[in-house]
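Colleague: Residues per chain are reported as follows:
There are 2 protein chains.
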Amino acid sequence: METQTRRLTRKGQETRARIVAAAAQLMYERGLTEATLEDVRAAAGVSGSQVYHYFADKQALLLAVIEHQTQAVLEMQQPHFAALDTMAGLRQWRDAMVEYQLRLQCRGGCPIGSLGSEVAENNPEARLAVASGFLRWESAIRGGLQTMHARGELDTDPEDLALATLAALQGGLLLTQLQRRVKPLEVALDAMLDLIQTHTTTP
Amino acid sequence: METQTRRLTRKGQETRARIVAAAAQLMYERGLTEATLEDVRAAAGVSGSQVYHYFADKQALLLAVIEHQTQAVLEMQQPHFAALDTMAGLRQWRDAMVEYQLRLQCRGGCPIGSLGSEVAENNPEARLAVASGFLRWESAIRGGLQTMHARGELDTDPEDLALATLAALQGGLLLTQLQRRVKPLEVALDAMLDLIQTHTTTP
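Going line by line, the protein sequences match chains X and E.
Per the numbering used here, the first sequence starts with residue 19, numbered consecutively.
Per the numbering used here, the second sequence starts with residue 19, numbered consecutively.
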């Protein structure tokens with residue numbers, strides 16, 4: 019996929035990106051199986067042959083969407099990741115995640131998690147792509163906690179804490195999506211911040 | 019649905035239950051949209067007219083499956099719920115959840131959570147049914163924590179703690195399903211037990 023992207027002209031790259039963005043949006047709104055290639059084609063405003071020029075089949079498009087959503091999720095949080103080595107930075111990240119769900123009216127859940135849940139038992143390749151996206155997310159959270167640990171400010175395993183924080187975030191997002199209220203996400207993240215606080219020696 | 023169930027003969031109830039169990043299994047293994055009524059009919063070993071006798075459409079069957087999976091999940095944990103008012107009981111529940119995923123080789127995720135993720139954006143009635151199932155689950159977890167709180171052994175809000183624990187469990191199950199290893203579930207639940215422990219005055 020990467021090789022193919024590099025070989026495209028600038029215009030080709032833009033068309034491909036437009037198809038992926040349209041597919042991502044449709045899969046996010048309707049779920050994976052409800053979003054057909056024909057829907058994607060119409061939403062992207064391209065011809066069927068253009069879709070097939072860039073993507074051999076729906077599986078190739080799905081893998082591109084997983085990569086697209088992973089990058090989008092990580093880019094959105096990028097300004098916060100560097101600050102996750104203080105309680106204040108962790109709180110700002112928590113507030114940003116909650117704020118974002120409020121803006122979405124608690125719709126959609128996690129774009130990666132939702133795809134993951136749909137593919138986990140019927141598409142091993144896509145499952146691994148989602149798992150790989152989550153590892154990058156976990157790694158970004160872990161960085162700040164490892165810095166705190168290295169400074170002697172955190173007296174527990176930063177790796178386990180990062181994975182548990184990502185799990186709390188995912189579960190909080192799912193329950194927030196189902197209940198259409200932000201409270202589950204708030205208490206899930208607050209529980210993790212409370213736990214991190216009890217293991218830190220700084221305010 | 020309830021009224022209809024009560025009106026059935028014993029044999030009718032058994033046939034209906036067989037159809038629901040077959041549908042639940044297929045939706046769990048393949049995902050909701052991949053499990054057609056024809057697949058369900060074949061797996062249950064009944065005729066098409068029998069399926070339509072009990073369920074007007076796939077939506078009616080889906081709602082019955084959500085109820086079936088909610089009951090199954092709650093029944094499986096029932097022996098543990100009464101003991102969630104001590105750290106020892108909470109640890110046994112945690113171990114049981116992890117053990118169960120190991121037996122499943124980390125496949126399938128949460129039967130309710132997976133359905134919830136699939137229906138959340140395209141089926142409001144099913145979304146509310148899943149949300150209602152999660153409220154029953156949350157309530158069962160909350161009971162033990164409220165008892166600890168009433169005994170003066172827990173110095174934090176048991177309602178928030180129960181919701182956060184359910185969120186950690188859901189996120190842990192999703193990541194465990196995607197990674198096919200039990201570690202995410204373990205650290206997610208351990209983080210919550212660690213947090214509960216810091217708020218308790220008993221061992």
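By construction, these hints were calculated from the structure, which means they are not laboratory data.
Please read these numbers as outputs of a predicted model, since none were measured by experiment.
Errors might be hidden in some of the hints.
[As the list claims (entries may be wrong)] Just a few of them, taken from the derived set where beta-carbon distance is under 8 Å, the chain E residues facing chain X:
hint	residue
1	V38
2	A39
3	T54
4	L55
5	R121
6	S132
7	S135
8	E143
9	A144
10	F152
11	L187
[Unchecked claim] Listed next, with one range per pair, are the computed distances between beta-carbon atoms:
hint	chain 1	residue 1	chain 2	residue 2	range
12	X	E52	E	G126	17 to 23 Å
13	E	R109	X	R28	56 to 62 Å
14	X	E177	E	R109	40 to 46 Å
[Claimed, not checked] Derived DSS-like pairs (lysine-lysine); straight-line CA-CA distance at most 30 Å:
hint	chain 1	residue 1	chain 2	residue 2
15	X	K29	X	K76
16	X	K201	E	K29
17	E	K29	X	K76
18	E	K76	E	K29
The C-beta atom is built at its ideal place from N, Cα and C for all residues, glycine as well.
Colleague: Report the numbers of all earlier hints that the structure fails to satisfy, in ascending order.
Modeller: Hint check: 1, 2, 3, 4, 5, 8, 9, 14, 16 and 17 fail, others pass.
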